[in-house]
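*Asks:* Sequence order for the protein chains is R and C.
For what it's worth, the numbering used here labels the leading residue of the first sequence as 1, then goes sequentially.
For what it's worth, the numbering used here labels the leading residue of the second sequence as 1, then goes sequentially.
The set of hints was computed from the structure by calculation and includes no laboratory data.
A couple of the hints might just be wrong.
Copies of the same chain are indistinguishable here, so a pair counts whether it falls within one copy or spans any two.
[Claimed, not checked] With a straight-line cut-off of 27 Å between C-alpha atoms, the simulated DSS-like cross-links for lysine-lysine are:
hint	residue 1	residue 2
1	K100	K180
2	K139	K265
3	K162	K214
4	K139	K232
5	K180	K257
6	K55	K232
7	K265	K214
8	K257	K100
9	K84	K139
10	K180	K214
11	K100	K139
12	K180	K110
13	K139	K162
14	K100	K162
15	K265	K55
16	K55	K214
17	K55	K162
18	K257	K139
19	K214	K261
Since the structure is predicted, the reported quantities are computational estimates derived from the model, not experimental observations.
Each chain is listed here by its residues.
Number of protein chains: 2
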Amino acid sequence: MMVCDTGMPGPDTPAITTMLRGLVGQEIVIRGADRDLHSGMFGSAAVNPAHVLTKIIAALHDESGRVTLPGFYDGVEELPAEIKAQWASLPFSEQEFLGKVGLSVPAGEKDRSVLEQIWARPTCEVNGISSGYTGQGFKTVLPAEASAKISFRLVGRQNPDKIVAALQDFVRSQVPVDCKVEFSSHGASPALQLPFNSEPIRIARTALNAEWGKEPILMAMGGSIPIVGNFKRELNMDALMVGFALDDDRIHSPNEKYELKSFQKGTRSWVRILDGLAG
Amino acid sequence: MMVCDTGMPGPDTPAITTMLRGLVGQEIVIRGADRDLHSGMFGSAAVNPAHVLTKIIAALHDESGRVTLPGFYDGVEELPAEIKAQWASLPFSEQEFLGKVGLSVPAGEKDRSVLEQIWARPTCEVNGISSGYTGQGFKTVLPAEASAKISFRLVGRQNPDKIVAALQDFVRSQVPVDCKVEFSSHGASPALQLPFNSEPIRIARTALNAEWGKEPILMAMGGSIPIVGNFKRELNMDALMVGFALDDDRIHSPNEKYELKSFQKGTRSWVRILDGLAG
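Full structure from sequences and hints, please.
*Replies:* And the structure:
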């Protein structure tokens, strides 16, 4: 399968995407008393599900930014040295990447670059959390329940079902006897990791090098292209992903653009790739 | 000042209320990036304010249920032995108290009874927490901000302003450089602790004993009666608080009631108290 719904790290640097991360989404609801309580009449003596939930979430990462769930890193491999070197050579500025959204200091795993974290490392993020009174002003309520939406990005051979089970086991082990916990699943799909050295990729590298005068980057995507995973799972069909989108294309947004250079050289790139594959 | 807006522990047990807890309410907003981010594109590398906030909240209590803020227990005194003995003798069932709201195991400070916790111990409760996407379904958003409403019940001579400062210092010390934090105050009033052995209380004890044939309990209220605190602060006027409300009166609720026995014996009780004070 050939896919051109991917990007390149800069306007002069062609790329082949070989890694798409997987995703696990879980919602957790922790319930205590059978109704919201008056914190002056019950506070401290009655379990507060917001306290229980925050303790659980706080324990999901250790001080070094790693995820603490047992077995979470099973199936995660280090990047090949060649890929690491390629990524290190990219004109990617962590300061600029973070600066565009008002930040300045990389968070997450202390010993990993930003690019490695968003392309090739598994992550765990709280996407939403809610408990008690959240409107304007103040109510001294002791909430009856607390909930969180938590997602994991997966890489390599991480098993989404095992990660769901590890999360649920961990939460259950932390919940006091007076709390009930409920989970709902919002997806559990594995990462897609294509072989770096397959014949089609070798051919695409040669073709892109010929067109752009530059060795293409073997890059990764932080998100996913669901159809690529489906084809892999249902038909065991690998994808060759070569696209020419740029970070500033504003994809799916107002005022979207596509560079003429990407259009013209992209067309020629695919002619070269098809010719190579046919040969 | 004489106040009868208080209760009694049971229909046959008169009480004098000598302790009203104080209250500190603080809202905390932690902000990271300047907009919500895509967790696949920024996850882990960009700071997640929900992670920051949950770590802070989780750290507010230690394993024994005590509040960890430096100096929090300054001004908190142990109950006099006489009061402890009185409370221990009350026909108060922790199982029943918690069972009415669907719970079974006391939470909070491990070495304190439920009654002591709700009447005479300072507490810290999350009243509300919110971050990211909290609607139906799932969004893999990396939230730009996270907020919590947190309240403290105060006892004895705890200083509300110092506790506000201790909380704010603690939060600021935990917030990474890429996060901004904002506080808003929703009240900071001290506890009211009347002397247990003043002349008016001695007179009221005698009067209640005469009317009910039983030594009155010197009880506490988990909540507060703001006007009593105002009179104390502005006029330095103590209150003698003797009321006859029962737990099942459904105060401020539909179908509220007041026992005829409370009305009749309460009237006579106050006649006896006034007579004693006049004497």
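*Asks:* Please go over all the hints and tell whether each is borne out by the structure.
*Replies:* Quick rundown of the hints versus the structure:
For a Cα distance limit of 27 Å, the shortest separation of K100 from K180 across copies, 17 Å, qualifies, whereas the shortest one inside one copy, 42 Å, does not. Taking identical chains as interchangeable, the C-alpha atoms of K139 and K265 are never at most 27 Å apart, the minima being 61 Å within one chain and 35 Å between chains. Taking CA atoms no more than 27 Å apart as the test, K162 paired with K214 passes in neither setting, with 41 Å inside one copy and 63 Å between copies. Taking identical chains as interchangeable, the C-alpha atoms of K139 and K232 lie at most 27 Å apart only when they sit on different chains, with a minimum of 25 Å there against 52 Å within one chain.
Taking the closest pair of Cα atoms, K180 and K257 never come within 27 Å of each other, the shortest separation being 50 Å inside a single copy and 34 Å across copies. Taking CA atoms no more than 27 Å apart as the test, K55 paired with K232 passes in neither setting, with 38 Å inside one copy and 39 Å between copies. With identical chains, the CA atoms of K265 and K214 are at most 27 Å apart within one copy only, with a shortest distance of 13 Å there and 96 Å across copies. Taking the closest pair of Cα atoms, K257 and K100 come within 27 Å of each other only inside a single copy of the chain (19 Å); across copies the shortest separation is 62 Å, beyond that limit.
Proximity of K84 to K139 under the C-alpha cut-off of 27 Å is found in neither arrangement, the shortest distances being 52 Å within a copy and 31 Å between copies. In this assembly of identical chains, the alpha carbons of K180 and K214 never lie at most 27 Å apart, being 58 Å within a copy and 43 Å across copies at closest. Proximity of K100 to K139 under the C-alpha cut-off of 27 Å is restricted to the inter-copy arrangement: shortest distance 22 Å between copies versus 37 Å within a copy. Only between protomers do K180 and K110 lie at most 27 Å apart by alpha-carbon distance; the minimum there is 21 Å, versus 35 Å within a single protomer.
Proximity of K139 to K162 under the C-alpha cut-off of 27 Å is restricted to the inter-copy arrangement: shortest distance 22 Å between copies versus 40 Å within a copy. When the C-alpha separation of K100 and K162 is checked against a cutoff of 27 Å, the pair qualifies neither within a copy, at 36 Å, nor between copies, at 39 Å. For the identical chains of this complex, K265 and K55 are neighbours neither inside a copy (52 Å) nor across copies (49 Å), given an alpha-carbon limit of 27 Å. Taking CA atoms no more than 27 Å apart as the test, K55 paired with K214 passes in neither setting, with 50 Å inside one copy and 46 Å between copies.
Both within a single protomer and between protomers do K55 and K162 lie at most 27 Å apart by alpha-carbon distance, with minima of 22 Å and 25 Å respectively. Taking the closest pair of Cα atoms, K257 and K139 come within 27 Å of each other only across two copies (25 Å); inside a single copy the shortest separation is 48 Å, beyond that limit. For a Cα distance limit of 27 Å, the shortest separation of K214 from K261 inside one copy, 15 Å, qualifies, whereas the shortest one across copies, 94 Å, does not.
Of the numbered hints stated above, those contradicted by the structure are hints 2, 3, 5, 6, 9, 10, 14, 15 and 16, listed in ascending order.
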